[in-house]
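Knowing the structure of chain V, use the given hints to seat chain Y on it.
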Amino acid sequence: MADLRTSFAGIKSPNPFWLASAPPTNSGAQVHRAFEAGWGGAVWKTIGAPVLNVSNRYGAWHYGGQKMLAINNVELISDRPLEVNLREIAEVKRHWPDRAVVVSAMVESSAEAWSEIVRRIEDTGADAIELNYGCPHGMSERGMGSAVGQVPEYCERITRWVKDAARIPIIVKLTPNITNIVHPARAAVNAGADGLSLINTINSIGVDLDTLEVTPSIGGKGGHGGYAGPAVKPIALNMLSALGTDEVVGRSGLPISGMGGISTWQDAAEFLLLGATSLQVCTAVMHYGFRIVEDLCDGLSNWMDAKGFASIDQLRGKALAGISDFKDLDLAFRAVAHIDPKTCIKCNLCYVACNDTAHQCIDLVAEDGRVVEPLAYDIRSNGKYEAVSSRPQPRVREDDCVGCRLCYNVCPVHDCISMVELPPCRESVTWDELSKTQPEVTNDWEAMERYRAAQGIHIH
Amino acid sequence: MPHSQGPPLAELLPPLSDHEALVEANRCVFCYDAPCTHACPTHIDIPRFIKKIATGNNLGSARTILEANLLGATCARVCPVQELCEGACVLGAEHKPIMIGRLQRYAMDYVYDRGIDVFSRAAATGKKIAVVGAGAAGLSCAGELAKRGHAVTIFEKRDLAGGLSTYGIIALREPVTVALAEIEMIRRLGVEFQTDMELCRDIKLADLRSQFDAVFLSTGLGATPLLGIAGEEHIVDGLSYIEQSKLDPLRLEVGARVIVIGAGNTAIDCATIAKRLGAEQVTIVYRRSENEVSAYQHEMEFIRKEGVEFRFLSQPVRVHVNNGRVAGLECVRMSLGDLDASGRPSPRPVAGSEFFLPADQVVKAIGQEKPPLAVALGLATKRGHIDVDAEFETSIPNVFAGGDCIRAVGACSTVMAVEDGKLAAIAIEKRLAV
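Chains V and Y are the protein sequences, given in the same order. All residue numbers for the first sequence refer to the working numbering, where the first residue is 5 and numbers rise by one. All residue numbers for the second sequence refer to the working numbering, where the first residue is 32 and numbers rise by one.
Pair ranges (Cβ atoms, derived): (1) Ala339(V) <-> Glu321(Y): 50 to 56 Å; (2) Ala124(Y) <-> Gln318(V): 40 to 46 Å; (3) Arg152(Y) <-> Asp214(V): 29 to 35 Å; (4) Leu379(V) <-> Asp190(Y): 39 to 45 Å; (5) Pro345(V) <-> Asp190(Y): 52 to 58 Å; (6) Cys231(Y) <-> Pro345(V): 56 to 62 Å; (7) Leu213(V) <-> Glu215(Y): 27 to 33 Å; (8) Gly69(V) <-> Ala254(Y): 47 to 53 Å; (9) Met228(Y) <-> Tyr67(V): 53 to 59 Å; (10) Gly37(Y) <-> Tyr389(V): 35 to 41 Å; (11) Ile147(Y) <-> Asn242(V): 46 to 52 Å; (12) Pro45(Y) <-> Asp317(V): 52 to 58 Å.
In silico DSS-like pairs for lysine-lysine, Cα to Cα no more than 27 Å straight-line: (13) Lys440(V) <-> Lys331(V); (14) Lys16(V) <-> Lys311(V); (15) Lys71(V) <-> Lys127(Y); (16) Lys127(Y) <-> Lys336(Y); (17) Lys127(Y) <-> Lys346(V); (18) Lys71(V) <-> Lys225(V); (19) Lys322(V) <-> Lys311(V); (20) Lys71(V) <-> Lys82(Y).
In case anyone wonders, no lab produced these hints; they're calculated from the structure. Predicted model only: the values in this text are computed from it and were never measured. Cβ atoms here follow ideal geometry from the backbone N, Cα and C, with glycine treated the same way.
Next up, chain Y with everything else stripped away, as it sits in the complex:
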């Protein structure tokens, strides 16, 4: 796979030039009550921000985006636009949809490159809110509340804020600098960040409740679950793999023959890293068929072009290890049966169909555990996730939650977490005003 110029994991798409942005912006028909805006989870007024680019009002364009979505720079890069705004574009049927994501990035780059702060903080209200977890939902909620003059402290268990944007999204889609710039913007809105502070370990919910007027939990999901197979201790965790590729790429060990277990978007990212950082052969092993993968269609097309192979209907059985080094992955063929609880056909092993795939590195990206804090804090849960009402309030009064930790149904995404944070901020403000 030929790489574009620059480091192998450099941002895939170049920024639009002024001319490209202008031409593309002028192609937008400026729909009224536009379907792209409807499809956007944060309902950015897309035709408005695009027409502002067309008129050269780039600052106004950025403001339009950020008013609906404080993490517009991240979302411009990581949103699955084919499933959201661009997928709904009225030009999609017979023409190419407008490149909404890249135009949004153009407007965001305009303000970030120039160090322009679009918002300033409102007069202090005297209200204090604690946000636990500095991922997309937490940042969005904290920023929205700070904008309105509330005093917000974010407690983050890691040493850097940003959650998956910082640690878990491959740099090829979002460079870590983009996430860090957004965090700094939120800090300048007056949000205080306390990192290396984990709920239950370093701080207690009861203390937060007594010291703050409200608490917002945006703690994300848990660790990658166990496969429960022999030799699992030799398997590399997918999220750690991505994290190292972003923060310490020179020390990331990449095998010559890499197997990635799982077929979600994290698995695609892991396979991309392996392929681009030198693996000769990268194989994705998935126990169901291609019809059931949770990776987006466009991600599947992308990874095929990267030269990654698939073994569908294959379930890992054991990691073969030779002298302490991975030698390969033994799998068993699967067949699909009746629909399971997730609504997908359940895979069943085909007796005697074991086969061996040689490999020197096995990475697993099979999703994340349900949020462990839900139970630890004694919160009511829904399918293992924190249960919230329509106003994002948990079973404990004045404790709100949003983001992946409440996403009991449907796929998680950054932009939905941003929307949760925004709506929760509005709900919290309403509550505090009473």
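Chain V extracted, bound-state conformation:
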């Protein structure tokens, strides 16, 4: 059984799974229940400025029969009185000394306001404060949330105010609604933050085809909300890796609390491999409840055992080493698709994807070896025997396959299509090397053609 214990900027938790600052951490009673279910920590729903909420707060995106691939919310920060929140935070922390209790905060942009809220949070005994620079709706219109996170200078200034006032660790939560997330992250590093967390929600909107209103609709009106859930995961992973590979942020050694669509232990492992130290979860819990933490821990632990990782530290950031710019990729690397006829169900999804949208290198092959066209059967034929027995087998023409991997991705059968690495046909070279040794090839099509001819590269 792998050791899942986590230490984040000195904050200890029995496992890396924290509830993100969101509706699931709205009250002491909820956080109590979450901890009973096994959550390693909780980031309290943001407290601070007074607010009033609206009805119809959550829109969602459903696809292919799967509910809530993402949620789109316009809920604001906590609308419960500050006093109540602070009292319950203190009670929860007293009751659960081994869990991470982090308090998310957001107040007006003044040193006094921040210093006041920091002092009051510290009085609860909470382990850390997360600065909410990410909320993309409502609060941003009042100069808070993502209005701060989108301007690195504000981000740095406010973080300094907080650091000046705080004795407990300060985590800066970043907004993804920015061109380059590295800039506010560097600002946080410069201001002395103790940790980073990302991503907050992404600006999003939906439309209702019955009412022709945007969703969620608040009495016929609505605006963008914040998008979260499984659909945003790859975006979050990319931003996480951008921090991990950034010179300044990476070298700072600041721990990162990763979030954005974590629903399963597999998602969790991906975030850890790209450098996260703790993991925050919201949408999956809002979909299925606190109970999902059991398999998050169990699945992660079993996977770590199978992979030979004894602790989270051993796997953290393992995938970062492979992150590279395109210019440094080996242009001679070669892989082609292979369809296993034994497991192939002949649905022809690979064929149509390749033929219509990729490189036309999958043939339909009849039993006698002839390449046949689709939809070529006699319309008088009928019945399952003829339909099944005459069905051709999709087969990759390896010489023409560029290894785009589309067929691999569309195949509905596990392990049917594999990408097979072939020995390179030419010497290993990167675009960067090419542009240094033969710059003309990289800016003149005729030179490129000569290079291709010399290298035996045929593009059809």
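Just chain Y now, with coordinates in the frame of chain V:
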């Protein structure tokens, strides 16, 4: 056998709920050049109609079905999908095949329940076509031609159109209302129905040929043949038995001990009716073995679960009658010999092996005679059926034929009749345009 709720012969399968349909539709992998479509005699673009259900485009789904098969509501219920689309589903090998038939019914119910007419009639072409026989082939042909703007009159010898869908398919599989709704849809396409009009009796082919630009014969098969045994006049005809169960069920007499002779799908239906309408014991008597039955595998499994017994290798010899009432059926044991003309082992009586099965009702469902009109009209025939060329034209110019009356080889089915009607309509239109 416990019945589902409702009348004993109410439609067996409930409609899929919206949720069930959505879940099932999303399970379809959306094959390209799908084997289900290939296996369907009418080649409905099945993945397309299923994905339209998945996206909530139920009207488009219904249109996709009806473009290939005007009688999609009937076929959704009566098709032997295990032998056709579902039998070819790529998920069949390791998973459950997609419930194509029930999804098709879902899409069809969507338009019929709402009274939506998916097609409207094209501008009139001035061409007139007579269709003889309002079964599946005739309705399909008439509807396809009417859609294209031709003036179609259907002549039907019975008082209701629909053929076997109305009269001959047990309500448990297709309620009569489904067949009648399809007939009304075809009527709204502009087809004129003249019922109680029988070819040779009330109308002459020569007159049809002179009054119409083309004639399509879809007259089906003949009556149930004679067994040629003593007491046969006391045997109930299977098709009449089914017909009464659909149209006049309260007056259908069902015995306490019923014997059904034959092991095709009609025999299964007769046995189902008897069992569900109160018979204590229902026995199917068949002269060959289980390997030779013409009923589909899934029908055999179904009828066994209904509690019907089989006597294979048993040939009826005589109906025993007591005071004018059936007392039982005397049979003789059979053994199988060499292959006969149908490619099946020929059954031969075992001398001295006669035995008696007590019964108070005997029903026979041993197939139908070849189409009697083929000879009466002087048409060229093939194995007793109307002979047609690749374009469904008979030996008489501009007289076309389709459906069971041309099915000289292989089993008859509703969906194949629909396809005949559709292809014949295309052929007729091509001919008339010349």
